[in-house]
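*Asks:* As a plain string of letters, each chain reads:
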Amino acid sequence: MSLLDVSGLDAGYGELQVLSDVDLTVADGEYVAIVGPNGAGKSTAMKSVFGIADRQGGTITFDGTDITSYPPETVIHEGLSYVPQTANVFPSLTVDENLRLGGYILDEIPTARREAIFERFPVLANRGNQTAGTLSGGQQQMLAMGCALMLDPDLLLLDEPSAGLAPDLVGEMFDRIDDVNDAGTAVLVVEQNAKEALRRCDRGYVLANGENRYEGSGDDLLNDEEVRRQFLGG
Amino acid sequence: MGVAQNVVFGLVTGSYIAIAAIGFTLIYGIVNMINFAYGEYLTIGAFIGILTVGVLPLPLPVAAVVAMVGGGLVSLLLARVFFTPINQTGPVPMLLTSIGLGLALRNGIRLTAGRGSRYFDTETATLRFDGLPALSVGPVDLLGDVFVTSEQLVVVGCAVGVFVVVHTLLTRTDVGIAMRAMGDDESLARVRGIDTQRIRDNVWVLAGVLAALAGVLLGIQTNVSAGTGFSQILQILSAAILGGAGSPYGAIAGAYVIGLVLALSTVFLPTGMTGLSSAIAFLILIGVLLVKPSGLAGREVREA
Chain C
1 MSLLDVSGLD
11 AGYGELQVLS
21 DVDLTVADGE
31 YVAIVGPNGA
41 GKSTAMKSVF
51 GIADRQGGTI
61 TFDGTDITSY
71 PPETVIHEGL
81 SYVPQTANVF
91 PSLTVDENLR
101 LGGYILDEIP
111 TARREAIFER
121 FPVLANRGNQ
131 TAGTLSGGQQ
141 QMLAMGCALM
151 LDPDLLLLDE
161 PSAGLAPDLV
171 GEMFDRIDDV
181 NDAGTAVLVV
191 EQNAKEALRR
201 CDRGYVLANG
211 ENRYEGSGDD
221 LLNDEEVRRQ
231 FLGG
Chain A
1 MGVAQNVVFG
11 LVTGSYIAIA
21 AIGFTLIYGI
31 VNMINFAYGE
41 YLTIGAFIGI
51 LTVGVLPLPL
61 PVAAVVAMVG
71 GGLVSLLLAR
81 VFFTPINQTG
91 PVPMLLTSIG
101 LGLALRNGIR
111 LTAGRGSRYF
121 DTETATLRFD
131 GLPALSVGPV
141 DLLGDVFVTS
151 EQLVVVGCAV
161 GVFVVVHTLL
171 TRTDVGIAMR
181 AMGDDESLAR
191 VRGIDTQRIR
201 DNVWVLAGVL
211 AALAGVLLGI
221 QTNVSAGTGF
231 SQILQILSAA
241 ILGGAGSPYG
251 AIAGAYVIGL
261 VLALSTVFLP
271 TGMTGLSSAI
281 AFLILIGVLL
291 VKPSGLAGRE
301 VREA
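Those protein sequences? They're chains C and A, same order as listed.
Under the UniProt record's numbering, think of the first position of the first sequence as 1, with each following residue one higher.
Under the UniProt record's numbering, think of the first position of the second sequence as 1, with each following residue one higher.
Hints should not be assumed to be uniformly reliable.
Listing some non-contacts, in silico: residues in chain C with all C-beta distances to chain A over 10 angstroms [stated by the list, open to error]: (1) SER20; (2) GLY39; (3) THR68; (4) PRO72; (5) ILE76; (6) ARG127; (7) VAL180; (8) GLN192; (9) LYS195; (10) GLU211; (11) LEU222.
Residues from chain A shown here face chain C by an in silico Cβ test under 10 angstroms; the list is partial [stated by the list, open to error]: (12) ASP141; (13) THR171; (14) ILE177; (15) ALA181; (16) GLY183; (17) ASP184; (18) ASP185; (19) LEU188; (20) VAL191; (21) ARG192; (22) GLY193; (23) ASP195; (24) THR196.
Simulated from the structure, these hints should not be mistaken for lab results.
Being a predicted model, the structure only gives us computed values, none of them experimental.
Using N, Cα and C, we set each Cβ at its ideal position, and we do this for glycine too.
Turn these sequences into a full structure, and let the hints guide you.
*Replies:* Below, the structure is given as structure tokens:
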């Protein structure tokens, strides 16, 4: 049975419908990428899972629980964390305070988990008292991932983790995602950088115009003539 | 009177404005509304204090605590009835609602409590520092005789206590950090699992507690009538905006600037024009906003 099961999802914002009849699954420990052109509804799919976009039809189940109607503050209790593309840290709070809120729903944050996050993202280690708004874009992205990992989630949702990063940092970001996945956390990533995402993931979906277009292992999609021609620039 | 004496007056005025302005600015930053009824929260607090002292009768410090608890509950109740249901409609409907609520509360208090003023019965000790050199510069005495009353010391002491407690709350507790997080980004706060309505409720209670304390302190300084709080709302609003709306630390700084300017302008203005002193406070407000639109402690507006 899959960990996340999205079936027949219609979603959007208010009256506007962006997705129609989208299916999506992520198995335990799997690394899944959603790619596709701008405006395809990739981010909307992710936001629907987390209760930020409006679900207009279909069902979303996580680990056997129907979360279709859950708002974000309820979804997070189910074992999935979400890193938005932008505005994913609180700029006026310190790094420490941001991490503390990452574990807001816990009674107490295990010390070992905090330390593990500083180990994984050494760039944060000596910046506990620095205001998040003064961090560089790459550091903010690391902090945002660190916050999401404070809950040790079963599934990590990442919306465009490489967007806005300097080119030499993109590879490092993908390495960090690999680390998280290797440690057993399932990952669902939405990426503009389709080739890199498909190279790294287990399985990928190509969305276009709010609908499922292609689905397959990352390598199969990378080598598919049609996918290459239409979505990967030849 | 010399400059030194007016600095004392300014610090006292700044102190109770600061206590009230912290609550006002937290509502602005976290609930995202300008609460024009907030002055009435001071009045309600002051009247709860007067009733507790007069009817029960309990000593003044206990009455102040009763007023703070009562003020917090009244604030939460009013928010639940009038503001929470229209939370999603945006700042303007909420502002208009608060103006109407303020009017209704003010007149409701006037109808039940009457037009007269009431006084806290306090015994005042006065510390006098006489015989200090005047240090005159032209017609203005820089030092001169100075006195401080025990009531003034209580006001300033309470303010310092409030600053320490609020700072600790906002930086050391989950609920306080969540409040600041909501001021930054409510949507991300929800993603972190923060129950935003619960945090808003906490903000309403805190703001009501602070308003009630400010009201009681104001009552001890002067007197209590139905218009007590309303006469302060412009100063409170100015302090909050001057400091950078939403920033409690800015509101404290803004409150003392307003308090000192109000007091000191009486020294420098010619006799007969001292009525202009509050106008000068607003001129400074306009001046600061022209130079730095985000206020003294305000952050630059975040780009999308």
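*Asks:* Can you verify the interface hint for GLY193 (chain A): is its Cβ closer than 10 angstroms to any Cβ in chain C?
*Replies:* holds (4 angstroms)
*Asks:* May I ask you to check that LYS195 (chain C) keeps its beta-carbon over 10 angstroms from the closest beta-carbon of chain A?
*Replies:* Fine: 28 angstroms to the nearest Cβ keeps LYS195 (chain C) off the interface.
*Asks:* Minimum Cβ separation between LEU222 (chain C) and chain A greater than 10 angstroms?
*Replies:* holds (32 angstroms)
*Asks:* Would you say ILE76 (chain C) is clear of chain A, with no C-beta pair closer than or equal to 10 angstroms?
*Replies:* violated (4 angstroms)
*Asks:* Return the status of the interface hint for ASP185 (chain A): holds when the least beta-carbon distance to chain C is below 10 angstroms, violated otherwise.
*Replies:* ASP185 (chain A) check passes; min Cβ-Cβ to chain C is 6 angstroms, inside 10 angstroms.
*Asks:* Minimum Cβ distance from THR196 (chain A) to chain C below 10 angstroms?
*Replies:* Where the cut-off is 10 angstroms and the nearest Cβ of chain C is about 7 angstroms from THR196 (chain A), the hint holds.
*Asks:* Could you check that no beta carbon of chain A comes within 10 angstroms of the beta carbon of ARG127 (chain C)?
*Replies:* Holds, since 17 angstroms exceeds 10 angstroms.
*Asks:* Using Cβ atoms and 10 angstroms as the threshold, tell me whether PRO72 (chain C) really stays out of contact range of chain A.
*Replies:* Label violated. Min Cβ-Cβ 4 angstroms, cutoff 10 angstroms.
*Asks:* Report holds or violated for the interface hint on ASP195 (chain A), using the least CB-CB distance to chain C and a cut-off of 10 angstroms.
*Replies:* holds (6 angstroms)
*Asks:* Quick check on the hint: VAL191 (chain A) CB to chain C CB, less than 10 angstroms?
*Replies:* holds (5 angstroms)
*Asks:* With a cut-off of 10 angstroms, does the beta carbon of ASP184 (chain A) approach a beta carbon of chain C closely enough for the hint to hold?
*Replies:* Holds. Min distance 4 angstroms.
*Asks:* Just to be careful: measuring from the Cβ of GLY183 (chain A) to every Cβ in chain C, is the smallest value less than 10 angstroms?
*Replies:* The hint holds - GLY183 (chain A) has a Cβ within 10 angstroms of chain C, the shortest such distance being about 7 angstroms.
Checked against the numbered hints given earlier, the structure breaks hints 4, 5, 12 and satisfies all the rest.
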